Amino acid sequence: MPIFRTLRNLARNLLLRGRVRREIDEELRGALAALEAEHRAAGLSDADARRAAAVAFGPIDAIKDRVGDARTGASLETLARDTRFALRLLRRSPVFAAFAIASLALGIGATAAIFFLFDAVVLRKLPVPDPDGLVVASIGRAGAAAGTNNYSLPYPQFEAIAARSRLLEGVFAVNPMGRVNVAADGGQPESADGLFVSGDYYRTLRLAPAAGRFLTPDDDRAGRPVAVLNHAYWQRRFGGRTDAIGAAVTLDQVPFTIVGVEPEGFFGTEVGRPYDVAIPLRASESLSEEQPMWNRSSATWISVMGRLAPGASLTAAEQETQAIFAQAGLVASRSAADQQFAREITWRLEPGARGNRSGLRQNYARWLLLLLMLLGAVLLLASLNVATLLAARTDARRREIATRLALGAGRGRVVRQLVTEALVLALAAGAIAFVIAVAGSRALVAIAVPSAERMPVQLVPDARLFAFTFAAAIAAYLVFGLVPALRATRGGSLLVTRQVGGSPGHRRLDRTLVASQVALSLVLLVAAGLFLRTLEKLWAQNPGYQRTNVLMFSIEPHLAGRRGDEVPQTYRRVLDAARGVPAVERVTLSAVRPVSENYYFVTSFRELGAITLPVEQRVRVAFNHVAPGYFATLGVPVIAGRDFDDRDSREAPKVAIVSERMARHFSGNPIGQRLGAGPGAREVVGVVGDVRYASVKDQPREVVYMPIFQMAPREIFYSPTVEIRSAGPAAAVLASVRDAVTRADPAITLFDVKTLETQTDESFARERLLALIAGYAGAFAVLLAGIGLYGLASYSVLRRTPEIGLRMALGATPSAVRNLIVRESAVTIGAGAAAGLCAAFLAVRLLRSQLFGIEPTDPVALGGAVAVLLAIAAAAACIPAVRAARIDPLDALRLDA
Amino acid sequence: MAKGDRAALLQGTLDLLILKALSAGELHGLGVSRRVEQITGGTFQVQPGSLFPALHRLEEAGWLTSAWRSSENNRRAKYYALTRTGRHQLGHETSEWNRIALAIARALET
Chain A
819 MPIFRTLRNL
829 ARNLLLRGRV
839 RREIDEELRG
849 ALAALEAEHR
859 AAGLSDADAR
869 RAAAVAFGPI
879 DAIKDRVGDA
889 RTGASLETLA
899 RDTRFALRLL
909 RRSPVFAAFA
919 IASLALGIGA
929 TAAIFFLFDA
939 VVLRKLPVPD
949 PDGLVVASIG
959 RAGAAAGTNN
969 YSLPYPQFEA
979 IAARSRLLEG
989 VFAVNPMGRV
999 NVAADGGQPE
1009 SADGLFVSGD
1019 YYRTLRLAPA
1029 AGRFLTPDDD
1039 RAGRPVAVLN
1049 HAYWQRRFGG
1059 RTDAIGAAVT
1069 LDQVPFTIVG
1079 VEPEGFFGTE
1089 VGRPYDVAIP
1099 LRASESLSEE
1109 QPMWNRSSAT
1119 WISVMGRLAP
1129 GASLTAAEQE
1139 TQAIFAQAGL
1149 VASRSAADQQ
1159 FAREITWRLE
1169 PGARGNRSGL
1179 RQNYARWLLL
1189 LLMLLGAVLL
1199 LASLNVATLL
1209 AARTDARRRE
1219 IATRLALGAG
1229 RGRVVRQLVT
1239 EALVLALAAG
1249 AIAFVIAVAG
1259 SRALVAIAVP
1269 SAERMPVQLV
1279 PDARLFAFTF
1289 AAAIAAYLVF
1299 GLVPALRATR
1309 GGSLLVTRQV
1319 GGSPGHRRLD
1329 RTLVASQVAL
1339 SLVLLVAAGL
1349 FLRTLEKLWA
1359 QNPGYQRTNV
1369 LMFSIEPHLA
1379 GRRGDEVPQT
1389 YRRVLDAARG
1399 VPAVERVTLS
1409 AVRPVSENYY
1419 FVTSFRELGA
1429 ITLPVEQRVR
1439 VAFNHVAPGY
1449 FATLGVPVIA
1459 GRDFDDRDSR
1469 EAPKVAIVSE
1479 RMARHFSGNP
1489 IGQRLGAGPG
1499 AREVVGVVGD
1509 VRYASVKDQP
1519 REVVYMPIFQ
1529 MAPREIFYSP
1539 TVEIRSAGPA
1549 AAVLASVRDA
1559 VTRADPAITL
1569 FDVKTLETQT
1579 DESFARERLL
1589 ALIAGYAGAF
1599 AVLLAGIGLY
1609 GLASYSVLRR
1619 TPEIGLRMAL
1629 GATPSAVRNL
1639 IVRESAVTIG
1649 AGAAAGLCAA
1659 FLAVRLLRSQ
1669 LFGIEPTDPV
1679 ALGGAVAVLL
1689 AIAAAAACIP
1699 AVRAARIDPL
1709 DALRLDA
Chain B
4 MAKGDRAALL
14 QGTLDLLILK
24 ALSAGELHGL
34 GVSRRVEQIT
44 GGTFQVQPGS
54 LFPALHRLEE
64 AGWLTSAWRS
74 SENNRRAKYY
84 ALTRTGRHQL
94 GHETSEWNRI
104 ALAIARALET
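Residue numbers (the numbering used here), protein chains in the order written: chain A, 819 to 1715; chain B, 4 to 113.
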C-alpha cells in the first residue's frame, strides 16, 4: 500500500474518529434494518422478523469492533483506549497503584543509581571525538602477566616515540601536579588540582577549546607559563567570564597566564581524577624543587596515551613503538640501572577509549558490580511482588473478565487490556525511578567518598541512564505483567464465571511467588548481616594506637612558596604554635597519616646489625618520617630505648626506631645496632609497639620510623600531617589551634582537618556503604515479602470464610482456626526460608572479598537474618489468622448460602 | 458443503469473491453478500462479521471506493464500487487463483 494512502487513512481514522465510527454504525444498522425489512416482507411478524434478522446478522457490537480493527491505526486507537481504561482502573484503587508504583520505582531507581555509577566509573568512554582511536601505554617485564604492567613511564623514550612514531598520529604524557594554590587578581590563593600535560595533549584528544586556545607543542618545548582551565573550574572560580582568558594568575606564587578553557564535560583522561588547571609538562621546572627527570631513562613518572593513525592497527603500532622504545632506552642510558631497564622492560599498548588506568575504577568496579547484583535482586523481588498483587487483582476481576469474554471479546483483546495496565504501571515507575537514580547516585558518591570536595566522577543524566531505567522497567514489567494476564484468560469463559476462589493451580503459583520472595529476602538479609558484622569487626580491631581525642590536619609550606630549609622551619613554627594552645597535650608531625591511604612508603633492608641477608630474603618494611613525640601522641607504647628528640637533627648521627615485628629480625637487642649500609645506614635507638600502618584492614607489618627533621628538603616530597592529642574532645581545640597557627604564620593553611575517629570512620566508607545498601535491600525485601505473605493469608481467609464458619459451627475453637491459617503460611515461609538459606550459602562466596574478620557463614549474621525474617513473616501471617478466629459462624454460613 | 465449512473461508478467497461480486457494478454491503452467494451458486454465504471488516480493509487498500446513496427501498446505504487499482487487482488475483487451483487439482489427480 502506498505510504501516502496509509498516512491518509491513519489521519482520517484518528482525527475524524467520531465520524468514522458513526458511519460504521450507520452502515451496519442500515444493513440490519434492511434484513429485518426483508423478513417482514416474507410475512414474519415484527418481533419474529427482528429476532431472525439479529440471528442472521450476528452480534452487531462485536462486528463494529472488528470493522474498526480492520481499519488502519486500529492498534493505536486501541492502545489509547486501553490506556485510558487502565488509568481509570488505577485511579479507582489508589492504594494498589501507589504501592505497585512505589515498590517498582524504588527497586528500579536504586538499581539504576548503581548502574549510573558503574557506567560513569567502568563503562563509559572518554567524552572526546572518536575515543576508540585512543591507546594507553604501559611497560612491563617481557613475558610478565598482563595484570602486572606499570602505567608510569620514563620521559626520554616517550619523547622519542612522540617524535618518530608514524602509526600513532599523536602521543601525549600527563603527570598530576597535586594540590596547587591558585591566586587571581592578587586575591587570596585558593587550592585547586593541577595537571601537567605535554604539548600534544589536546591535539591528540581532538578537543576544541570552549574559549581562547589550547596548549601547543611550542608552549611545552619552551616551558611557557601558560595555563588552560577545566570548564567546571572556569565556571566555579571565574564565573565563566571570557575576560578570564589572558588573565594573570599565580600557581604556588609562580606567575602564569590563562590562555584557554577546555570544552564542557571533559574531565581528563583518568576517571576519578578530575583537575582544575592544566599547564605544560616542561613548565613544571619552575614549580618544583628538583629538576624533573627528563633524561632518566629508567625513572618512571609520566602517564602516556596516544591515538592510532588512520588505518593503523593496535598490534602494528605496538611493534613500531616498542622498537623505538627499546632503541631510545639504550641511547639514553647513563647508568647500569638504565641499561638493565632498557634490556628487560618492554612497551605495551592497549585500547584506551575508556581513558588511562584509573585507581577509582580498580578499586570500585567489583564492588559496584556487587551492589548492582544486590539491587538487581531487590528489583526482581519488587517485580514478583507486583506480579502477586496483579494476580490477586486479576482474580478479583474474574467476573468482569469472564463477562467480557462471554460477550464476545477476543482473548487477545482482554490480554492486551491487562498488559496495557501493567505497562502503565511500569512506565510510571520508570519515570519516578529516573529521578531516584539521579539523586541516589549523587548521595552514594557522597557516602563512598566522604572527604571529596566535589564529585570525582561526572554524573550528568544522559540517554544511557534513561535507556537503562526504562529497559529495567520493561524487564520488570515482563515478569509481572504477562503472568497474571495469561492466567486470567485461560480456560473458557463459562468455566471462569463459576470459579470465584481461583483454581488450585493458581494458588500454587501464588504460594511459589511468595515463597521465592521469602527466599530472596533471606539472601539479602544475610548479606546485610555479613556487612554489618564486618563493620563491627573493623571497629573492634585494635590498630595499635589510641583513637580518641586526636586531631589531625595537613600543611604544605610549598603552597606558600617556601623552598629548601624554609620547609622544616615552617613545620617547627606550626608545631610550636599548636603546643601553646590550652588543652593541647601533645603535638607531633608525620609523613604518613594513620588510616589514610594517601601515602604508603615501602623500602627494604638487607643489613640488620651483624646480619646481612641475601637479596631474596631482604626485609620489606613500610616506613614513616615522624617528629619527636609521635608515639606518645598516638599512644603507641615505646617498648625499649627512646623516642626521637631534639638531638636528632640533620647534623647528628642518623637514627631509626623500629616496630616490634621488625625488632625480631635482629639478633639480640636491636638497640644500638645498625640498620642498612652505606651513607643511608641508621642506628636503632628504640623499639615501639606494632601498628596497622595505613589501614585498619592491614595486617601488622614491619615498620621503620625516621626523624622527619633529619631529612634533607629534597627527601620531603609529601604534605605531612600534624597530630594533636588534647585533654578533651579533639574537635573542641580546632578553632584555637587554627588561630594559633594563623597568628604564627599567616601564609599557612590547614587542610584535610579531621579527628582520628572521623578518619577511621571514613576509611570504612566502602564497608559502611555496602552495609547501608545491603541493609536497605534487605529491609525493603523483607517488607515486600511480608506484604506478600499477608496478602496471601488474607486472601486465603476470605476464600475459606464459609469453611471456617462451618468448622466453628461444628465446635472448632478460635485457636484451632488460627492454627489452621498459620499452618498454611508456615509451609510457605518454611519452604521459602529453606530455599533462601541454600541460596545464601551459594551467594555469600561472592561476598568473601568484601568481608573482614568473619567467615561468609558467620553464624551471628545467618541467625540474625533468619530471626528478622521469621519475626516479620510471623507478624504478616498472624494478623489474618487472628481475624479468621474472630469470624462469626452465622455470618460466614449466610455468606455461603 | 456443510455450514461450518462455509465459515472457514480463506481470507484471500473472500477478498477475491468481493472484488468479483463488485466487478459487475456497485453494490451495498448486503448486496455484496447476496451477489457472492448467487455467483457461487450458494456455496459461500458471507456473514456480516466477515463481510464488513473485509469491505473496509479493501477500501483502505484503495481497491474499493464507497459513497452513501439511497437504496431501492429509500434507505440510506453505503455503496461500494471497484476502483481502477481494484479492477487491476481482480485480474491479478484471478490469474493467481487459477494457477493455484490448477496446481492443486493436478496434485490431487496424481
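Just so you know, these hints were derived from the structure itself, not from any lab.
One should not assume that every hint holds.
Simulated pairs of lysine to aspartate or glutamate, DMTMM-like, Cα-Cα distance not exceeding 20 Å [as the list claims (entries may be wrong)]:
hint, chain 1, residue 1, chain 2, residue 2
1, A, 1472, A, 1383
2, A, 882, B, 99
3, A, 1515, A, 1403
4, A, 1472, B, 18
5, B, 23, B, 99
6, A, 882, A, 948
Cβ-to-Cβ under 10 Å is the rule here; a few derived chain B residues that face chain A [said to hold, decoys possible]:
hint, residue
7, 23
8, 27
9, 28
10, 31
11, 51
12, 52
13, 55
14, 62
15, 74
16, 80
Only a predicted model underlies this, so the values are computations on that prediction, with no experimental measurement involved.
Heads up, the beta-carbon is just placed ideally off N, CA and C, and yes, glycines get one too.
Evaluated hints:
This hinted pair checks out: residue 1472 of chain A and residue 1383 of chain A have alpha carbons roughly 18 Å apart, not beyond 20 Å. At most 20 Å may separate the alpha-carbon atoms for a hinted pair to count; residue 882 of chain A and residue 99 of chain B exceed this at roughly 32 Å. Distance check on the hinted pair: residue 1515 of chain A and residue 1403 of chain A sit about 29 Å apart at the alpha-carbon level, beyond 20 Å; violated. With a CA separation close to 105 Å, the supplied pair residue 1472 of chain A and residue 18 of chain B exceeds the 20 Å bound.
Between residue 23 of chain B and residue 99 of chain B, the direct Cα distance comes to roughly 14 Å. Compliance with the 20 Å bound is thereby established for this hinted pair. A threshold of 20 Å between alpha carbons decides the hint, and for residue 882 of chain A with residue 948 of chain A the separation of about 56 Å lies outside it, so the pair is violated. A distance limit of 10 Å between C-beta atoms decides the matter here; for residue 23 of chain B the minimum to chain A is near 20 Å, and the interface restraint is violated. At a threshold of 10 Å, the smallest CB-CB gap from residue 27 of chain B to chain A is about 20 Å, leaving the interface hint violated.
For residue 28 of chain B, the interface hint is violated, since its Cβ never comes within 10 Å of a Cβ in chain A; the closest pair sits about 18 Å apart. With a least beta-carbon distance of about 7 Å to chain A, the hint placing residue 31 of chain B at the interface is held under the 10 Å criterion. About 5 Å separates the beta-carbon of residue 51 of chain B from the nearest beta-carbon of chain A, less than 10 Å, and the hint is met. Against a cut-off of 10 Å between C-beta atoms, the interface hint on residue 52 of chain B holds, since the closest Cβ of chain A lies about 5 Å away.
This hint holds: residue 55 of chain B has a C-beta 5 Å from the nearest C-beta of chain A, less than the 10 Å allowed. Taken as an interface hint, residue 62 of chain B checks out: its beta carbon lies about 9 Å from the nearest beta carbon of chain A, inside 10 Å. Here the hint on residue 74 of chain B is kept, as its CB sits about 7 Å from the closest CB of chain A, short of 10 Å. At a threshold of 10 Å, the smallest CB-CB gap from residue 80 of chain B to chain A is about 5 Å, leaving the interface hint in force.
Of the hints listed earlier, those the structure fails to meet are numbers 2, 3, 4, 6, 7, 8 and 9, in rising order.
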